[in-house]
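Hints are included, so try docking the two chains, each in its own frame, into the full complex.
First to last, the sequence lines map onto chains Z and P. According to our numbering, the residues represented by the first sequence are 1 to 246, in order. According to our numbering, the residues represented by the second sequence are 247 to 610, in order.
Derived from the structure by calculation, the hints contain no laboratory data. One thing to keep in mind: the hints can contain errors.
Taking beta-carbon pairs under 10 Å as the criterion, some of the chain P residues facing chain Z (in silico) [what the hints assert, rightly or not]: (1) Ile320; (2) Arg326; (3) Asp370; (4) Gln381; (5) Phe385; (6) Gln393; (7) Ser396.
Some residues of chain Z that are not near chain P, with every Cβ distance over 10 Å (derived) [as the list claims (entries may be wrong)]: (8) Ser56; (9) Glu109; (10) Thr119; (11) Ala122; (12) Lys125; (13) Ala126; (14) Ser162; (15) Gly201; (16) Glu207; (17) Thr234; (18) Gly235.
Quick caveat, the model's predicted, so the values are computed rather than measured. Backbone N, C-alpha and C fix where the C-beta goes; we use that ideal spot for every residue, glycine too.
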Amino acid sequence: MPRALVIGNSHTASMTSAFRDNERQSIDIYWLKNKKQPDRGNIELADAIKLIKSLSDDDFLFISLIGTYHNIMGLIKHPIPFDFYESPDSGDRPRQDYYLIPHNVMRSEMDRMLEGSGTVKALAKAAGCATYIISPPPPKGNHEFISTRTRAYRGTVLDSASINDAAIRAKIWRLEMNRMADWASSNSMRFLPVPAGSLSGEGCLAEEYYGSDVTHANEAYGALVLDQIAAIATGVRSRQEVRVGG
Amino acid sequence: MADNPYKALPDKAFWRRSVTDRQIHDVDPVGVFDIRLRPETKVATAGSCFAQHIARHLKESGFSYYVAEPGHPILPESIRIKHNYGLFSARYGNIYTARQLLQLFQRAYGTLVPNEDVWQKGPDVFLDPFRPSSQPGGFISEAEMRQDRSQHLAAVRSMFETLDVFVFTLGLTECWRSIEDGAVFPICPGVEGGTFDPQRHQFYNQIYEDVVLDLTQFLVNLARVNPRAQVILTVSPVPLMASAERGAHVLSATTYSKSVLRVAAETMRNRYGNVHYFPSYEIITGSFNRGSYYAVDLRNVLEDGVSHVMRLFMHHATLGEGEKPLAPASGQAEAQASSLSDDYLARAENLVEVECDEVALDRG
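Chain P with its partners taken away, still in its complex shape (with noise of 0.2 Å):
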C-alpha cells in the first residue's frame, strides 16, 4: 500500500479512533497545547459565564489562580464570595467580547473614557454600566460607584501587569454599543439597568474581523505592560440566552456567534506564539456526548462537562505536574441521556450556579 501524510499522524487525528472508540470522558480533543503551568504560575482569568468554571476549579486545584482584586481581607470569604469578589481576577463581572475586554484595558489605563459612565437604577441604588452584576444591590451613591471603579480599575492595571497567564473566555458576538463613543456594555441597557434609549444605544454583531482586531489589539497593550504574558483563549459552549440580530433564530445565531469566535480564536494561535487554545467548547458541543453535558435547558452546562473540561486542562497545562484528579462524576451524562423523565430538581444539583447577566433577557 502507497504512503501517504496520514499514515504518520497520531490518532488523535482520525475520528474513528479518537472520537466513535472512545468512552465519553477519554474523549481528548486537545490538539496543540503547549502552555506549562506550575503551582507559583500566577493564572488569571476573564470572560463569559462559562470562565466561572475554569476559575472555580482552578481555586481548587492547587495552583494559583490569581486574584488581584480579592476585597478587603478584613472581610470573611464568604461575605466576599457574596459580593462577587474572587469570581474572577477581578471584580468585572463577566466580559462576553473580545470588544469589552480591549475596552476594560483601554479603561484601566484612561485611553477610553465612556461618557455613559453611571446608571441609576433607584433612588439610593447607581450602578457601574460596564459591571452591573458586580456590587449586589448597586452602590448608595454616585461617589462610591465611582471610587470603588477606580480602586477596581486599579487593581485591573495590577493584574495585567503582573498576572503569567491569562485565560480568557470568548462568548458573544452580539453586544450593545453606545453610538456616541462605541462603549460596549456587557448587557443591553435597561434589562439590569440604565435606560435603553435607541438614539444612543446600539445593537451590533460583530463579525470575524472585528473580534480579531480587538484580541489583537488587547494583545499589544498587554505586551506594552506585561511583555511574558501568554494568553489562554477558550470560547464559551453556552449558547446566547437571546439574540437581538434582525429576523435571527437563536440557535442560528449561536452557531454564527461561536463559529465567529472559534475561527478568531485560532487565527490569534496561529498568528502569535503567545497565544493557545484549548478546546473547552469542543469538549462540551462536541456530539460525542450526545449533547449530555447540558442540563435540561440545554444551555447551562453540568459539572459532569465542567470536569471533563478542567481535567484536560490541568492535565495537558502540567503534564501531570502538581496534577489533582478531577475525576468525572461516574455515569451522571450517561444517566441523563437515557432518561430525560428525571426530576429537574435532582438534575440540577448537579448544575453549577454561575452568575450570568444574560439570564435576566428572559425574565418576564
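So here's chain Z without its partners, still in its complex pose (with noise of 0.2 Å):
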C-alpha cells in the first residue's frame, strides 16, 4: 500500500485536525520548521529530506509550502490600490478607478516568486515517487469575519476599509495557483487543486471552511484535501493491482 507524505506549513495543520478523526493510516502530515518560527512546526528540512529518501517509487509527496504569496500581495489594501485583467476571455472589467498592472507583469512577478521556491525543489529533488504541489486555501470573502478575528496582518491593522476587494483578492489566487500549477509541471511536479465545493461564489473560500483566523482554513476543509490525497494513493494503488494481476 502506498504512503503519502505531506510536508507543508501552517496549512497543514487543517489536515492534522482531520486526520485524527480519519483513520487514513498510510498519510503521514508533517509542519516543516523555519528559522523566522522556530517554535512552530515537527520536522526540520533535513530529516524531512531523509523521510522523503525512504519514500518508495511507488509512494506519493504533497507539498504544501507555497502558494500563499496572494495574501502578501492582496489581502491589505494598496495605498495605491490595484487591479489586473485575470485573462483574455474571462469578461472581467477591473476597476478603472485603481491602477491597473498589466496581466504578464503579474504573472512576472508570480514566477518570480515562485523561482524563489528553493526549499521546495530541494524537497522535490529529493523524491523519487510523483510529487504534489498542494493548492493553499483560497482567500475569505467575508470582510467582518476577517476584521473581528484578526487585529493586525503581517504589521498592518485590520479593519473593513483596509482589507482589499474580495474580488480582487480570489483573482490574485487563481492567478497564483494558474502559475503555480505551470510552475510544478515544469519542474516535474504535480498541482493538487483545491478541493470542489470548497468555493463560495464570488469564488472565495466557502464560508463553511473557514478557518478562526484570516487566512487559514477549518479541519473539514483539512478533510477534503485529505480525501483528495487518498483519492490519488487509492487511484494509483489500483492502477497498480491491475497491471500485478494482469
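So this is what it looks like as C-alpha cells:
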C-alpha cells in the first residue's frame, strides 16, 4: 500500500486536525520548521529530506509550502489600489479607479516568487516518487469575519476599509494557482487544486471551511484535502493491482 | 602681428588645441551649454536607443531622474525593469523622430486620435502600435491595452506638466506613417507587430523643415502646460539599422538623417532660450576617438563612450555641484582600436544592452 507524505507549513494544521478523526494510516503529515518561527513545526528540513528519500517509487509526496503570496500581495488594500485583467476571455473588467497592472506583469511577479521556492525544489529533488504541490485555500470573502478575528496582518492593522476587495483577492489567488500549476509541471511535479465544493459563489473560500484566523481553513477543509490525497493514492494502487494481476 | 577675431577665442575654438593635442578622454566638444541641474531638478528623458544610456546614468548619478510612470510600487524593481518601467520617464519606449514626440504630446492631450490604434500579434497578444515593445509579451486583450494606454498617457501628461528639464535624443528622420491620418509608428508595421499594408502605410523621410516644425510645435505645446520647462536636445550617434529610402545606402542615409537632426537641433537652440544642445553625437562620432567608442558592429556604443558623454554632461550641467565621478574605463577604447582580433564576447561585456526596436529590422 503506497504511503503519502505531506510536508507543509501552517496550512497542514487543518489536515492534521482532520486526520485525527479519520483513520488514514498511510498518510503522514509534517509541518516543516523554519528559522523565522522556530517554535512552530515538527520536522527539520534535513529530516524531511531523509523521510522523502525513504519513500518508494510508488509512494507520493505532497508539498504544501507555497502559494500564499496572494495574501501578502493582496489581502491589505494598497495605498494605491491595483487591479488586473485575469485572462483574455474571462470578461472581467478591472476597476477603472484602480491602478492597472498588466496581466503579464502580474504573471512575471508570480513566476519570480515561484522561482525562489528553493525549499520546495530541494524537497522535490529528494523524491523518487510522484510529487504534488497542494493549493493553499482560497481567500476569505467575508470582510467582517477577517476584521473581527484578527486585528493585524503582517504588521498592518485590519479593519473593513483596509481589507482589499474580495473579488480582487480571489483573482490574485487564481492567478497564483495558475502559475503554480505551470511551475509544478515544468519542475516535474503535479498540482493538487483546491477541493471541489470548497469555493463560494464569488470564488472565495466557502464560509463553512473558514479557519479561525485570516488565512487558514478549518478541519472540514483539511478533510477534503485528505480525501483528495487518499483518492490519488487509491487510484494508483488500483492501477497497480490491475497491472500486477495482469 | 595684426590682431584678428581668432586671437581672443578660447582653446576649444581651435582644432589643434582642443582635438589633435588631446587624449581621447580629454576631448570636450561642449560649446554653449548654460543649463544647470541641481539634485532636486526633475529631469525627464525620451528619445531613441541612446537616450536609454542618458536615463541610466542619470539614475546612477544621484540626480533626480524623473519617472512619472514607475509601475506599481508593490512590484519589485526587477519586475518593473523587466517590463520597461523606468527605461524612460514614462513607458513610451523609443521615440525616434521629432514627429513621434509631437504626436506623443498630441495623443496624451487628445488632439490626435489615430485610427490605427491596436495591433494584434496573436490570439491573446495585443500591442499598442505606438509603443509595441513596451509590454513584453504584449497585452492579453484589446481592453487591457487600451486601459493601460490611458493610464500611460495620463502619466505622460503628468510628466510634461511637472518636469523641470526634458532631455530628448533625436534618432531618425525616416519613419512609417498612416496614410489615413499621418500617425507615425516607431517601427514599420509588420516588423514587431501589425500588418504592413501599402494601401495604409507609407514611408516618409523627414526633411529639415519637418523636424524644425515638429520640434517647434512640441515646444509651444510644452510651454502651454509647463512654461518653466527647459529642453536639452541631443542627437543619437547610433547609425540607422536599415534605410527604407529608395536606392539609399544605409551609411549615406545615416549621414543625411543625422545631419538634418543636428542642424535642426542647432536651429532650435538658436531660436529658443529654453532649448540647449549637448554634443553626445560629436563625442561618439568624432574622429578624435578613431571609432573606438563603437562596438564591433560599428553601430552600438560601448560603455566607455557613454561614460565620456555622461562625464561631460554631468560636469557641464552641474558645474561640479553634486557631480559624481564617471571615470572613463581606462584604456578600453584604445585597446579595442589597436586589437581588432579581441574576442567578440569580451568586447560585448563593454556593450551596454539597450532595448531597441530597430534591431527587429535586421532579423532574418
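Structure-based check of each hint:
1. Ile320: 6 Å, holds
2. Arg326: This hint holds: Arg326 of chain P lies near chain Z, its Cβ roughly 8 Å from the closest one there, short of 10 Å.
3. Asp370: 4 Å, holds
4. Gln381: 6 Å, holds
5. Phe385: 6 Å, holds
6. Gln393: Result: holds, 5 Å to nearest chain Z Cβ.
7. Ser396: OK, holds: Ser396 of chain P within 10 Å of chain Z, min 9 Å.
8. Ser56: For Ser56 of chain Z, whose nearest Cβ neighbour in chain P is about 41 Å away, the distance exceeds 10 Å, so it holds.
9. Glu109: 5 Å, violated
10. Thr119: With a cut-off of 10 Å, Thr119 of chain Z remains clear of chain P, as the shortest Cβ separation is near 20 Å.
11. Ala122: 23 Å, holds
12. Lys125: 25 Å, holds
13. Ala126: Non-interface label on Ala126 of chain Z holds, nearest chain P Cβ at 29 Å vs cutoff 10 Å.
14. Ser162: Fine: 15 Å to the nearest Cβ keeps Ser162 of chain Z off the interface.
15. Gly201: About 24 Å separates Gly201 of chain Z from the closest Cβ of chain P, which puts it past 10 Å; holds.
16. Glu207: Per Cβ check, Glu207 of chain Z is outside 10 Å of chain P; nearest 28 Å; holds.
17. Thr234: Non-interface label stands for Thr234 of chain Z: nearest chain P Cβ at 38 Å, farther than 10 Å.
18. Gly235: Holds, since 34 Å exceeds 10 Å.
Checked against the numbered hints given earlier, this structure breaks only hint 9.
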